[in-house]
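Add chain Z to chain B, keeping to what the hints say.
The chain contents come next:
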Amino acid sequence: MRASVLQENLAHGLSIVSRAVSPRSTLPVLANILVATDEGRLRLSATNLELGITCWIGAKIHEEGSTTVPARTFTDLVGTLSESHVDMALDVRTQTLNLRCGASNNDLKCIDSQEFPPISVEDLSDGLEINVADLKEMIHQVAFAASTDEARPILTGVLIKINNDKITMAAADGFRLSVRYAPLSSSASLPISAVIPARALSELARIVEDGDQTVTMTMPPGRGRVVFQLQNAELVSQLIEGSFPDYEQIIPHSYETRAVLSTSAFLKACKQAEIFAREGSRIARLKIEPGDELEPGTVEIQGQSEETGSSENVVDATIEGTKLLIAFNVGFLREVLDVINTPNVALETSADTSPGVIRPVEAEGEHGEFIHVIMPMHLGS
Amino acid sequence: MHRKILHLDLDAFFCAVEELKDPKLQGKPFAVGGRPETRGVVASCSYVARRYGIHSAMPMARAVKLCPDLIIISSRYRDYSKISKKVMDNVHDLTPLVEQISIDEAFLDCTDLPETGKYVASQLQTIIRERIGLPCSLGVATNKLIAKIANNFGKASSKYAGPPNAITVIPPGQEASFLSPMPVEALWGVGPKTAERLAELGITTIGTMANYPEADLVRILGKHGHDLSVRSKGIDERPIITTHEVKSISNETTFTSDLLDKQSILRTLRKLSENVGKRLRRANKCGRTIKIKLRWSDFSTITRQLTLDNPTDQDLSIIHAAENLFEQSWCEGKAVRLIGVGVSGFVPPIRQLTLWDELSGHENAKDNKLQNAIDNLRDRFGDKIVQRASDLS
Chain B
6 MRASVLQENL
16 AHGLSIVSRA
26 VSPRSTLPVL
36 ANILVATDEG
46 RLRLSATNLE
56 LGITCWIGAK
66 IHEEGSTTVP
76 ARTFTDLVGT
86 LSESHVDMAL
96 DVRTQTLNLR
106 CGASNNDLKC
116 IDSQEFPPIS
126 VEDLSDGLEI
136 NVADLKEMIH
146 QVAFAASTDE
156 ARPILTGVLI
166 KINNDKITMA
176 AADGFRLSVR
186 YAPLSSSASL
196 PISAVIPARA
206 LSELARIVED
216 GDQTVTMTMP
226 PGRGRVVFQL
236 QNAELVSQLI
246 EGSFPDYEQI
256 IPHSYETRAV
266 LSTSAFLKAC
276 KQAEIFAREG
286 SRIARLKIEP
296 GDELEPGTVE
306 IQGQSEETGS
316 SENVVDATIE
326 GTKLLIAFNV
336 GFLREVLDVI
346 NTPNVALETS
356 ADTSPGVIRP
366 VEAEGEHGEF
376 IHVIMPMHLG
386 S
Chain Z
2 MHRKILHLDL
12 DAFFCAVEEL
22 KDPKLQGKPF
32 AVGGRPETRG
42 VVASCSYVAR
52 RYGIHSAMPM
62 ARAVKLCPDL
72 IIISSRYRDY
82 SKISKKVMDN
92 VHDLTPLVEQ
102 ISIDEAFLDC
112 TDLPETGKYV
122 ASQLQTIIRE
132 RIGLPCSLGV
142 ATNKLIAKIA
152 NNFGKASSKY
162 AGPPNAITVI
172 PPGQEASFLS
182 PMPVEALWGV
192 GPKTAERLAE
202 LGITTIGTMA
212 NYPEADLVRI
222 LGKHGHDLSV
232 RSKGIDERPI
242 ITTHEVKSIS
252 NETTFTSDLL
262 DKQSILRTLR
272 KLSENVGKRL
282 RRANKCGRTI
292 KIKLRWSDFS
302 TITRQLTLDN
312 PTDQDLSIIH
322 AAENLFEQSW
332 CEGKAVRLIG
342 VGVSGFVPPI
352 RQLTLWDELS
362 GHENAKDNKL
372 QNAIDNLRDR
382 FGDKIVQRAS
392 DLS
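Heads up: the protein sequence lines correspond to chains B and Z, in order.
So the number in the working numbering is just where the residue sits in the first sequence, counting from 1, plus 5.
So the number in the working numbering is just where the residue sits in the second sequence, counting from 1, plus 1.
Only chain B is shown next, with the shape it has when bound in the complex (with noise of 0.2 angstroms):
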């Protein structure tokens, strides 16, 4: 193999695909990145055997050819790379690659391509469409809300459900529930379910890139994985088994209390809160008041901890109903408020013991939907 490439693109590429490197498997390989010419590209692919996630940047090949290269000295030696045009040669008998880039010439031992799990290429023909934004901000609001607890394998992804032209991501960690509709522009065929891991989708939309104005998503029948492709890469993910909990029966569909107020400021007011309360039991208690005639209702967002003290925060609110106070975990209603877009958001709860629901006020016939529901702290037994 020999092809040269921008040192620029190289390093993107490598810092795309070398987040699914797995350096501490049993199995050498995974810490190494395929590096592979393809059809006039140079294709670079990494894998744990649960994320795998492939990268073409433009290159000129002069002798196709594949190795898979330490992903590690690879990436920190690209990254200090100072000229722009990078020469790689393979010595396919030995694995070494040699890299040249100006005055620096390097050579880097390598594990034969054969031992890198194949990657199958899957038909991509009856693939879903979907557009980039909707599906960052889908996932930038739902899987958060994942759990990290591996006992559970279940709760540490996200629920993708296809209906038609309408799609769901639910993500819920036993505390709370994220739950974010969005409309497809073409309609799927046949409806699906899935259960993915929250990681991978994070990867996904950490390497979506702006030129990209749709992906493609396609779950092979019976092969447990789905498969999200993109212009220039493409990201492989094993399916988590098992089914997911009925998210739709914790969704309340009343409130007694109905709280509206500026996202910035709740948040704002959060985020001090939890300065406080992060030193101890993490609890932000919001005192939600109705207004009258001649004043508007308030929502006290309130912190505190034995070693650093209390804060206090006022934020206006429109009120619905009665009257309440409740607690949450202060760092939840934080991730909460921080990926909601409109400025107004709503808080809705019937008791202390109840679970809150917090929604994005939308403006006048928007669509998407996004709901996210917090079980309370209950303080007292």
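Keep in mind that the hints were calculated from the coordinates and are not lab data.
Fair warning: this is a prediction, and the values are worked out from it, not measured in the lab.
Check before you lean on any hint, since a few could be wrong.
Unchecked claim - Between beta-carbon pairs, the in silico distance windows are:
(1) E238(Z) <-> E284(B): 34 to 40 angstroms
(2) R157(B) <-> A374(Z): 22 to 28 angstroms
(3) E284(B) <-> A374(Z): 52 to 58 angstroms
(4) R211(B) <-> D368(Z): 38 to 44 angstroms
(5) E298(B) <-> R130(Z): 46 to 52 angstroms
(6) T117(Z) <-> S267(B): 33 to 39 angstroms
(7) A356(B) <-> S265(Z): 43 to 49 angstroms
(8) P115(Z) <-> T323(B): 45 to 51 angstroms
(9) R157(B) <-> N285(Z): 26 to 32 angstroms
Stated by the list, open to error - Only some residues are given here: those of chain B computed to face chain Z with a beta carbon under 8 angstroms:
(10) L182
(11) S248
(12) P250
(13) S286
(14) P381
As the list claims (entries may be wrong) - Heads up, simulated DSSO-like pairs for lysine-lysine below, C-alpha to C-alpha not over 30 angstroms straight-line:
(15) K263(Z) <-> K294(Z)
(16) K272(Z) <-> K370(Z)
(17) K370(Z) <-> K328(B)
(18) K272(Z) <-> K367(Z)
(19) K292(B) <-> K370(Z)
(20) K156(Z) <-> K248(Z)
Where a beta carbon is used, it is the ideal one built from N, C-alpha and C, also for glycine.
Frame of chain B, contents of chain Z only:
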């Protein structure tokens, strides 16, 4: 400005409650407490019984010797606490500044009330007599120390055969002269040992102690000497403490006869644990430290404790921990006289609620529900309505 502190004491409270339930007991010598054959002690005795020389904390066996006709009634603690609560609710109607010091005793700070302390006292006495039907005595003074001693003094001076219904007022400025002729033992914190030391110095009355140089008392008795010197002058600045922080909840029992049988001991241990759990839940507290106390037949006593990862108020976790500690301390063939279980290390009972109880990884949620159901049943139908299978025998 002088404070107006009242000390309220329900006269022979347990007995008064028993008389309320069974008026035939009136005028008869009776005592509430444990049976004489089971090492019981007198918790409270009627005024008639007192004439035989019976007093509370006396072994019941001795009481029966003093008065063979003594009627013994076993304690109905639940009834007493219920009525005590009613009394205290009435007290709270007068002022929020109430410090309850036991089931039948409380201090009140009435400084902010327009009426005189004496008037408030007689008002309270009337309320408790008319609304609840119980006699009580009150001491009125400028501080807690004098109010309590005044009350004790007033009750002891009663010439009636029945409940004293006393109200004793010590006007401001007369605290020291009121204490002066009293024996030093009347002061809180003077036990037999201290009294002996003081007697060696020629101090037998509070008045002599008040005149004794404080520095000398401190030299002889240490810091305690300072406290005593101040108190003997009738000075007591302690405020009424309305909230009382509980640091631990425990329960112990002495076996009627020393026990060798492990299963019986474990059964008691479980019962005590359940009792502690119930009180924790009532008090809305969760603790992390579980402690057991064992007294062997030779009176040597050990305590063993462990700390849980998560604070608990659940019977089952307390039982498991207590059994665990017991297994580590138990010696085959060694008879147990007393056993106790306690929980401390309280943290605020804050719980993150979960979306799906069964999925959350906190199986506790189910246990909590079960526990609540059991508590409800027991509250309505008594403790025996639900029992552990292991305790059925």
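### Task
Against the structure, test the hints numbered earlier, and report the numbers of the ones violated in rising order.
3, 6, 11, 20
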